[in-house]
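Peer 1: Sequence:
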Amino acid sequence: MTRLGMALLGAAALVAVAAPFHSARAHGDHGAAPPAQTTSLPRVEAAGFEVELVAVAEDHTLTIYLDRSDTNAPVDGASIEVASEGIPAAKAEPKGDGVYTLDADWVHEPGTYALTFTVLGADIADLLAGRLVVPEPETEEHGATVSWGDVLVRPEAWIGALLIALAGFFVAFAFRPLRLPPDASQPNEETSGHAAASQHGARHAAGIVLLSIVLSASLPETGRAHEGHDHGPPAPSAQAGGSAPVRLPTGEVYFPKPSQRLLQVRTAPAAVESVTPAAQLIGTVVADPSSEGRVQAPMEGQIEVAEGGVSFVGKKVKAGEVLALLSPAMPVYERGALHQLTAEVDGKLRIAEQKLVRLKGISGDYIPQRELDDTQTEIESLLAQKRALEPRVGEKLEMTAPVSGVISVANVRAGQVVSARDTLFEIVDPERLWIEAIAVAGADETSVKAATALDGEGHAIPLTYIGRAPSLRQQSLPLLFSVEDPHPSLTIGVAVKVLVQGGAPVEGMIVPGGAIVRAANGLPQVWIKIAPERFGPRPVRTRPLDGDRVLITAGIETGDRVVVNGADLINQVR
0 MTRLGMALLG
10 AAALVAVAAP
20 FHSARAHGDH
30 GAAPPAQTTS
40 LPRVEAAGFE
50 VELVAVAEDH
60 TLTIYLDRSD
70 TNAPVDGASI
80 EVASEGIPAA
90 KAEPKGDGVY
100 TLDADWVHEP
110 GTYALTFTVL
120 GADIADLLAG
130 RLVVPEPETE
140 EHGATVSWGD
150 VLVRPEAWIG
160 ALLIALAGFF
170 VAFAFRPLRL
180 PPDASQPNEE
190 TSGHAAASQH
200 GARHAAGIVL
210 LSIVLSASLP
220 ETGRAHEGHD
230 HGPPAPSAQA
240 GGSAPVRLPT
250 GEVYFPKPSQ
260 RLLQVRTAPA
270 AVESVTPAAQ
280 LIGTVVADPS
290 SEGRVQAPME
300 GQIEVAEGGV
310 SFVGKKVKAG
320 EVLALLSPAM
330 PVYERGALHQ
340 LTAEVDGKLR
350 IAEQKLVRLK
360 GISGDYIPQR
370 ELDDTQTEIE
380 SLLAQKRALE
390 PRVGEKLEMT
400 APVSGVISVA
410 NVRAGQVVSA
420 RDTLFEIVDP
430 ERLWIEAIAV
440 AGADETSVKA
450 ATALDGEGHA
460 IPLTYIGRAP
470 SLRQQSLPLL
480 FSVEDPHPSL
490 TIGVAVKVLV
500 QGGAPVEGMI
510 VPGGAIVRAA
520 NGLPQVWIKI
530 APERFGPRPV
540 RTRPLDGDRV
550 LITAGIETGD
560 RVVVNGADLI
570 NQVR
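Quick note on numbering: numbering that gives the first Met the number 0 labels position 366 of the sequence shown as 365, and the sequence is numbered without any gaps.
Please note that a few of the clues may not be correct.
Said to hold, decoys possible - Subject to a maximum C-alpha distance of 25 Å in a straight line, what follows is the list of computed BS3-like cross-link-like pairs (lysine-lysine):
{"hint": "1", "residue 1": "Lys385", "residue 2": "Lys347"}
{"hint": "2", "residue 1": "Lys385", "residue 2": "Lys395"}
{"hint": "3", "residue 1": "Lys314", "residue 2": "Lys395"}
{"hint": "4", "residue 1": "Lys395", "residue 2": "Lys315"}
{"hint": "5", "residue 1": "Lys385", "residue 2": "Lys354"}
{"hint": "6", "residue 1": "Lys317", "residue 2": "Lys395"}
{"hint": "7", "residue 1": "Lys448", "residue 2": "Lys496"}
{"hint": "8", "residue 1": "Lys359", "residue 2": "Lys347"}
Hints listed in this document are in silico derivations from the structure and should not be mistaken for laboratory results.
All chains should be built: construct the whole structure from the sequences, respecting the hints.
Peer 2: Dropping the structure here:
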């Protein structure tokens with residue numbers, strides 16, 4: 000085999016190496032599935048003064064979604080008649096939740112249909128119109144041209160070119176011409192050398208040209224994919240008209256009617272109102288002083304278990320209920336003196352009783368009545384002294400609850416020795432709480448008109464202003480509020496937000512707190528309903544109002560339909 004034939008054979012092998020890269024490109028197979036596309040269905044939107052509707056054509060059926068224009072609430076129990084030129088009028092069948100269906104075989108015929116919808120209901124009478132465009136069936140295109148620019152940006156093309164260059168180098172090295180020793184029998188060396196060089200150069204030139212032709216055939220100048228394959232078209236951009244929510248390149252969100260019903264998206268028209276703004280303070284929950292009690296030991300002693308056991312934290316008690324028993328501790332010398340005094344009283348009592356018996360035994364009027372009365376009085380006095388001394392020996396003091404409520408602190412155990420003035424129990428009433436808020440010095444407490452507390456879970460709790468402290472505390476002014484209806488989440492010591500309304504009224508648009516969401520840049524924004532299935536973000540400037548509502552002072556216009564329910568879900572669409 001000649002050297003040229005061997006070179007061509009090597010080129011054919013290179014073509015076989017490069018063929019898989021071209022095959023992969025020609026068939027659009029890059030090892031990954033194409034991205035999901037948004038299927039667009041023929042639909043028509045129509046809006047009136049009271050209602051709006053969206054009609055979607057699919058599978059010989061026209062599905063109609065009927066909602067209120069201002070609140071986006073589904074309308075049930077209405078009558079919808081659909082008519083168009085060349086199409087007989089027909090009434091849609093209600094399916095519930097504001098959904099109506101109509102059997103329409105004509106929705107599969109491509110064309111533009113000018114539809115009119117006659118909507119009648121208990122308080123609705125409207126005539127809506129819209130155009131339904133049914134496009135031609137889409138056909139797939141094959142054999143698309145691939146430009147050199149597309150080829151040069153593919154990494155597999157550069158890998159193939161590198162392999163071809165390396166293989167060409169080794170082929171050229173393997174089939175390089177050999178140097179022969181000089182032969183005297185050869186004719187004129189100069190003449191024959193020129194002829195051989197010319198012939199050798201021509202062969203090399205022909206081989207290079209042929210090799211270039213073969214290699215050029217291996218590169219994808221044009222897409223020649225066979226039937227049933229394509230070149231992997233680029234992924235389509237997000238577009239409206241599908242069955243799933245999607246964020247559009249403009250920042251707006253396409254939210255189809257089925258998703259709106261599933262997530263109960265509701266709107267409300269913005270209206271300017273004059274309200275009193277609120278200032279946000281930080282507060283702490285404290286106990287109502289009139290319902291807070293503390294049990295302290297009056298003397299040194301030992302704790303003993305009461306009849307109902309030792310009270311514990313969280314136990315509900317009533318005023319006067321025995322919480323524990325305290326056995327007073329008495330020194331030895333005091334105990335001896337007490338026994339001595341008790342013995343003296345007992346002796347005097349026996350003498351007085353015996354004297355009274357003798358006096359009563361003497362008959363006649365020899366004993367004056369005054370002496371009998373004095374003896375009787377002496378006996379009663381000694382009995383009282385005895386009764387006062389007897390408990391001091393084995394006395395047990397009852398520790399009772401001063402107020403009704405729940406035990407919040409219990410520092411006792413059976414057998415525990417306590418000192419005088421030690422705090423044994425603390426009792427609070429969870430239904431009677433105060434909130435102490437910290438305001439800046441110089442705040443005008445007389446302008447407080449209303450106040451609301453917000454706990455960690457977002458519950459709004461109304462407050463009643465009580466007053467303020469007469470002196471500053473750490474350069475701040477404490478304000479006191481009573482909780483009108485305590486929530487179970489409020490516990491003593493927990494921090495809460497306090498919204499205090501006061502000052503001059505300002506104008507703005509009031510929306511529920513759930514309508515305010517955070518944009519990607521962290522700024523507050525609301526979602527405005529632009530079309531029946533399209534919502535747009537609007538950055539706003541807000542001021543706190545109360546726990547449930549927020550005042551928007553800038554960012555939206557009067558009449559804008561603000562999403563008041565489901566705004567956080569729309570904000571998550573990507």
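Peer 1: Taking the hints in turn, state whether each one holds.
Peer 2: Hints, one by one, checked against the model:
For the hint linking Lys385 to Lys347, the alpha-carbon distance of about 11 Å falls within 25 Å, and the restraint holds. For the suggested pair Lys385 and Lys395, the alpha carbons sit about 17 Å apart, so the restraint of at most 25 Å is met. Proposed proximity of Lys314 and Lys395 is supported: the alpha carbons are some 23 Å apart, at most 25 Å. Proximity of Lys395 to Lys315 is assessed by CA-CA distance (about 24 Å); at most 25 Å being required, the pair is judged to hold.
Note on Lys385 and Lys354: the hinted pairing holds, with a Cα-Cα distance of about 19 Å set against a maximum of 25 Å. As the CA atoms of Lys317 and Lys395 are separated by approximately 21 Å, the hinted pair is consistent with the 25 Å bound. Only pairs whose Cα atoms come within 25 Å are accepted, and Lys448 paired with Lys496 is accepted, the gap being roughly 17 Å. Among the hinted pairs, Lys359 with Lys347 is consistent with the structure: their alpha-carbon atoms are about 19 Å apart, no more than 25 Å.
Against the hints set out earlier in the document, no violation occurs for any number.
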